[in-house]
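Number of protein chains: 2
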Amino acid sequence: MKIAIVGASGAVGQELLNVLGTRGLHIDELRLFGSARSAGRVYRFANNDIIVKELTHNADDFADIDFAFVSAGAATSREYADTITARGAIMIDNSSAFRLCDDVPLVVPEVNGPDALNAPRRIIANPNCTTIQMVVALKPIHDISPVTRVHVATYQAASGAGAAAMQELIDQHADIAAGKEPTVQRFAHQLAFNVIPHIDVFADDDYTREELKMLHETRKIMHSPDIAVSATCVRVPVMRAHSEAIWAETERAISPDEARTAFAAAPGVELIDDPAANKYPMPLDLAGCDPVYVGRIRPDLANDRGITFWTVSDQIRKGAALNAVQIAEYIIAHRS
Amino acid sequence: MKIAIVGASGAVGQELLNVLGTRGLHIDELRLFGSARSAGRVYRFANNDIIVKELTHNADDFADIDFAFVSAGAATSREYADTITARGAIMIDNSSAFRLCDDVPLVVPEVNGPDALNAPRRIIANPNCTTIQMVVALKPIHDISPVTRVHVATYQAASGAGAAAMQELIDQHADIAAGKEPTVQRFAHQLAFNVIPHIDVFADDDYTREELKMLHETRKIMHSPDIAVSATCVRVPVMRAHSEAIWAETERAISPDEARTAFAAAPGVELIDDPAANKYPMPLDLAGCDPVYVGRIRPDLANDRGITFWTVSDQIRKGAALNAVQIAEYIIAHRS
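Chains R and W, in that order, are what the protein sequence lines are.
Number 300 in the working numbering belongs to position 300 of the first sequence; there are no gaps in the numbering.
Number 207 in the working numbering belongs to position 207 of the second sequence; there are no gaps in the numbering.
Careful: at least some of the hints might be erroneous.
[To be verified] DSS-like mimics (lysine-lysine), calculated; alpha carbons at most 27 angstroms apart, straight line:
id, chain 1, residue 1, chain 2, residue 2
1, W, Lys279, R, Lys180
2, W, Lys2, W, Lys53
3, W, Lys180, R, Lys180
4, R, Lys53, R, Lys2
5, R, Lys279, W, Lys2
Don't read these hints as lab results, they were simulated from the structure.
Predicted, not measured: the structure shown is a model, and the values here were computed from it.
When you get a sec, could you build the whole thing from the sequences and use the hints?
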């Protein structure tokens, strides 16, 4: 198996190196690509030093590559997709560039794995982190009775804005502790000791694009064009792992116990739901972990056909790198 | 006007001193009470040094007092209510002790001020901070068309757990910046770089009491026994000022513009809703301010009769001390 990573120096690129090193994929060759600024950096993988090469329009760079994991922003994905896929590589794209294109599958293996097997442009899109986490948790509910609408409030970690943003949050806290004025560059406002109800740019109906992704991507992944999702996406001063408070309405009422049983059996989900012992998922505990954790399961007191729960998942791992690798694994396991 | 504060050394007691110093109440005498531990402390008010006296069952301590602001926990309120009110004082209680008693009004002046004029036990309850903030924002919507149900996710500051909890959050960040293990005492888990979906104790249906307060107190304050509220209450690493993501369903659909106009005209509400300029309410900016700030107003994409918005308000100020003082002001202005 020959693998390429585009955007190797970023937070997701680095996590791809971690994930690829611990999963079952047999990797014969790994090629790393990045911007001119990143080119020349060296990363260790499977006892080899690999030098990051500058991404150019030379399609030969991707000759013989089976899977190219691309995580360098939507503009880069759009500009280089033809180059990356020209020689037969399947591009698994972490950006929003192609997610809603009809001829590009948008895949979370636990939810719609088979969609990955039909990728006419050899591009498969990895959904937005907040959506991945939500649909993995919604799927076992949806399988009992179709989900009709969702309200969701997110508590998103600094990691979603990249490695430099995580460092900025640490630096802000260090500056404040030292009595200095914190620097604000990566977010619209100071994040330390604050929450910011604004992720990505504002779009239709005064929703942010991040919030609208949770509507449109969920519909596509779940093959449910009528599912209604209203999201409020909020950045919180947490390093890694996003949290979400979710209310889901189903066609018929589902009890918390029914939901708990379904969550416990669902692939990719782990239950932490023992309020009596003060146990519920929290981002500080779960950074670097693979599953989507679910807890605080209870009836929706404002909807007879509703259920509410709380999820936490590592944004860089299941929300990005791990899901991308799982897409490749799914294709390898299922292609004829 | 003679005023007493019980719990003068706490976060709310201290804010009561601030608020009383800046409002129009003419105060002839101010008496401060506290636990044995706080007794003897001296606080400055209107150019006088006032010594905190230990709270006992001596009703003479409250002779001639017009209003006693009590903020020392539910157990203290229950134990000392008779003593405090025996000589005619009106007790404005910040605890949860009496909030749902039929013979105790639960008052947010902007919403149900007249209820304060009928207090047969001379006890008036100040609602929970998260509820105050929410009902001030719901009222102008409710006045256009009755609110039928609410989903709300909170982002609650450390201040809600008192002054020592605020210090613990600062100390945790200082310890982490210095490479030391942070101390956890005031919350169930480390709050720095974390969010904790657990405030107050767990109760019916695996909801916390904090979450159920938002249901039951809202029904009582809004005189709407059928309004349905499902809340998820979450502690975030913010010092002061709570934030809430609210979805409200009304009997007839209300447009965002209609809501915006109503918010702009509503007492106690201030609009900050200019996404194009990155302007929306944030807790870091609004600590120490009086209003309930509202922004991110938009249609609920999961409910044709729904609207969604974001509120921020200082938990110690409008969420506690200010609302209590406003109750006294309302009574003074309206009693015959």
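Cross-check of the supplied hints:
This hinted pair checks out: Lys279/W and Lys180/R have alpha carbons roughly 25 angstroms apart, not beyond 27 angstroms. Proposed proximity of Lys2/W and Lys53/W is supported: the alpha carbons are some 16 angstroms apart, at most 27 angstroms. Using a Cα cut-off of 27 angstroms, the hinted pair Lys180/W and Lys180/R holds, with the two alpha carbons roughly 20 angstroms apart. Distance check on the hinted pair: Lys53/R and Lys2/R sit about 16 angstroms apart at the alpha-carbon level, within 27 angstroms; holds.
Distance restraint check for Lys279/R and Lys2/W: the Cα-Cα separation of roughly 47 angstroms exceeds the 27 angstroms cut-off, and the hinted pair is therefore not satisfied.
In summary, the one numbered hint that this structure violates is 5.
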